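Chain order of the listed sequences is A, B and C. No gaps in the numbering here: position 29 of the first sequence is 29 in our numbering, and each next residue is one more. No gaps in the numbering here: position 62 of the second sequence is 62 in our numbering, and each next residue is one more. No gaps in the numbering here: position 56 of the third sequence is 56 in our numbering, and each next residue is one more.
Check before you lean on any hint, since a few could be wrong.
Since copy identity is lost for identical chains, a pair holds within one copy or between any two.
[Claimed, not checked] No farther apart than 30 Å at their CA atoms in a straight line, the calculated lysine-lysine pairs in the BS3-like style are these:
| # | residue 1 | residue 2 |
| --- | --- | --- |
| 1 | 55 | 33 |
| 2 | 55 | 154 |
| 3 | 154 | 33 |
Calculated from the structure, these hints are not laboratory results. On a predicted model such as this, the values are computed, not experimentally measured, just so you know.
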Amino acid sequence: MDTDIPAVRVDVMRRARQLMVDYAYAIDDGDLKRWPTFFTEPCLYRITTRENVGKNMPLAIMLCDNQAMLYDRVEAIEQANIFEPHYYRHVLSDSQVSAYGGNLLTVRTSFICVRTMLDGAMLLFAAGCYVDEIEIDEQTCLFRSRTVILDSSKVDTLIALPF
Amino acid sequence: MDTDIPAVRVDVMRRARQLMVDYAYAIDDGDLKRWPTFFTEPCLYRITTRENVGKNMPLAIMLCDNQAMLYDRVEAIEQANIFEPHYYRHVLSDSQVSAYGGNLLTVRTSFICVRTMLDGAMLLFAAGCYVDEIEIDEQTCLFRSRTVILDSSKVDTLIALPF
Amino acid sequence: MDTDIPAVRVDVMRRARQLMVDYAYAIDDGDLKRWPTFFTEPCLYRITTRENVGKNMPLAIMLCDNQAMLYDRVEAIEQANIFEPHYYRHVLSDSQVSAYGGNLLTVRTSFICVRTMLDGAMLLFAAGCYVDEIEIDEQTCLFRSRTVILDSSKVDTLIALPF
Numbered sequence: 001m002d003t004d005i006p007a008v009r010v011d012v013m014r015r016a017r018q019l020m021v022d023y024a025y026a027i028d029d030g031d032l033k034r035w036p037t038f039f040t041e042p043c044l045y046r047i048t049t050r051e052n053v054g055k056n057m058p059l060a061i062m063l064c065d066n067q068a069m070l071y072d073r074v075e076a077i078e079q080a081n082i083f084e085p086h087y088y089r090h091v092l093s094d095s096q097v098s099a100y101g102g103n104l105l106t107v108r109t110s111f112i113c114v115r116t117m118l119d120g121a122m123l124l125f126a127a128g129c130y131v132d133e134i135e136i137d138e139q140t141c142l143f144r145s146r147t148v149i150l151d152s153s154k155v156d157t158l159i160a161l162p163f
Numbered sequence: 001m002d003t004d005i006p007a008v009r010v011d012v013m014r015r016a017r018q019l020m021v022d023y024a025y026a027i028d029d030g031d032l033k034r035w036p037t038f039f040t041e042p043c044l045y046r047i048t049t050r051e052n053v054g055k056n057m058p059l060a061i062m063l064c065d066n067q068a069m070l071y072d073r074v075e076a077i078e079q080a081n082i083f084e085p086h087y088y089r090h091v092l093s094d095s096q097v098s099a100y101g102g103n104l105l106t107v108r109t110s111f112i113c114v115r116t117m118l119d120g121a122m123l124l125f126a127a128g129c130y131v132d133e134i135e136i137d138e139q140t141c142l143f144r145s146r147t148v149i150l151d152s153s154k155v156d157t158l159i160a161l162p163f
Numbered sequence: 001m002d003t004d005i006p007a008v009r010v011d012v013m014r015r016a017r018q019l020m021v022d023y024a025y026a027i028d029d030g031d032l033k034r035w036p037t038f039f040t041e042p043c044l045y046r047i048t049t050r051e052n053v054g055k056n057m058p059l060a061i062m063l064c065d066n067q068a069m070l071y072d073r074v075e076a077i078e079q080a081n082i083f084e085p086h087y088y089r090h091v092l093s094d095s096q097v098s099a100y101g102g103n104l105l106t107v108r109t110s111f112i113c114v115r116t117m118l119d120g121a122m123l124l125f126a127a128g129c130y131v132d133e134i135e136i137d138e139q140t141c142l143f144r145s146r147t148v149i150l151d152s153s154k155v156d157t158l159i160a161l162p163f
C-alpha cells in the first residue's frame, strides 16, 4: 500500500521544509522580529488544542490574521519576557502532505519543544503538530496559514511564545 | 570516512521513509484500524527491550506474525482504552540503512514518543529505535517486519499501544 | 521570502547528514571507539553552553583538538561508565546551512537527547544544537570541527559522554 498523497515535486517539498526549519531556528534563537516575515499578508496564525480539534470546536487560544497582529504579538512577548529568560528547542519530525495544487501546499508536521530555564532546569514544554498552508511559487515560499495544535490542553501562561 | 552502507536509490529511500511517517501519524491520530495495513501478510511485529537485545535474548514483550493477530491487537486496545484517553506524539530521527538487496530494505530509526493525558500532563513515554525490513518494489511498500527496541525495560502496562 | 543560504548540492547535503546520523547512532550504540573516526586530524571538538555563547565567552566545558585527545576521552569514559550503565538516544531535527564554500560546509542542527538508566528511568538529558564544520570532497566527509551548544548550563558530571 503506497499512500495516495498528491505528488509533490522534490524541490517544492525541500523549499517548504526549509521554511519550517528556518522558522523553528528563528524562534529558538529568540529572533522574534523575524517571525512575521515567514507569513503572507494577510495570513492566519492560530494556536489550538487537540481536544478542541477533536470536538470540532473552532476556538483558538490565539489567533492572528495579519502582519500587524503578529508584530504586536512580538512586542508583547519581548516586554513580558524581560523577567523570565529561557530557551526553547524545537525538534521536527517528517512532514505529511495532505493536499497540493495551484501554488498551495498543505502539510502537517509533528514537533516536540523543550524549554530550558536559565537555572538549567529542562522541561518537556509542548508536543503537537503544525498544520500548514504554504504558498509556494518561483518567487515565494511563505505560510498562508499555520495552525499549531497542542496535544496538551493545560496551556502555560507563557503561551505568548509563537510556537 | 564515508560509511559503507549499500547504495539505496533516492526514490526507494523516500518511499520507505514515507511508510514510516504514515505509520507514525496513523498511531498518533489513534487511527488504529490502519495499523495492520502497513504490514505484509505474513509479517512480523515485535516489541522488545534494548537490555534483551544486548543479552542476545530472543524474548519479545509482544509478538504478532500475521494480520489477524494485528487486528486482534487493535480490538483489544480499543476496548482497554475506553477509560483512559490519552494522546501520543512520535518524533523520528533519520534512518540508518544496514542492508539493501532484492526488494528488501533493512533500516533502523531512532524515535522518541511523548504521551499527553487528557488532563494535560505530558510524559516522556518511550525512547528507542525501530529495526525494519521493508518490502519495496514498484507496487508495494510495506513492513515485512518491524521490531521496536525500547531503551527502557520498565514497560508500562499500556504497552497495548502499537509503537 | 526564500532564505539566502548558499546553494548546497543535494548529494553534498545528503552525505553531510549521513555523517551526523552515523555519529549519533555510534554514540547511542555505545560504540565509542568509532567516535574519533568521524573527525579530521587535527580537529576541534567542543562542548559549551548557550549562556556562554550568548555572553560571547570563549570558555568550553570540554575541548579536544586532535585525535589522540579524542581517544583519551573514550578511554576515560569507558572506565568511568563501568559502574553506571545507561543508554542514550539522540533525535536530530533538520540542519540549517550557514556557509558553504571550497570543501567546507558549515551547518547547525538542533537535537534532543534522552537518557535511560538500567532500572528503566527515563530522563530528558540534553537539548541543544551542533554547529559543525564538515570537510567534504570526493573522498572525505568528516567533521573538521563540532561544537555542541547545550541549552542548559547545569551540566551533569557524566558529561564525559561525547554528545
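Results for each hint:
1. Proximity of residue 55 and residue 33 under a CA criterion of 30 Å is satisfied inter-copy only: 20 Å between copies versus 34 Å inside one chain copy.
2. In this assembly of identical chains, residue 55 and residue 154 lie within 30 Å of each other by CA distance solely inside one copy; the values are 16 Å within and 34 Å between copies.
3. Both within a single protomer and between protomers do residue 154 and residue 33 lie at most 30 Å apart by alpha-carbon distance, with minima of 27 Å and 29 Å respectively.
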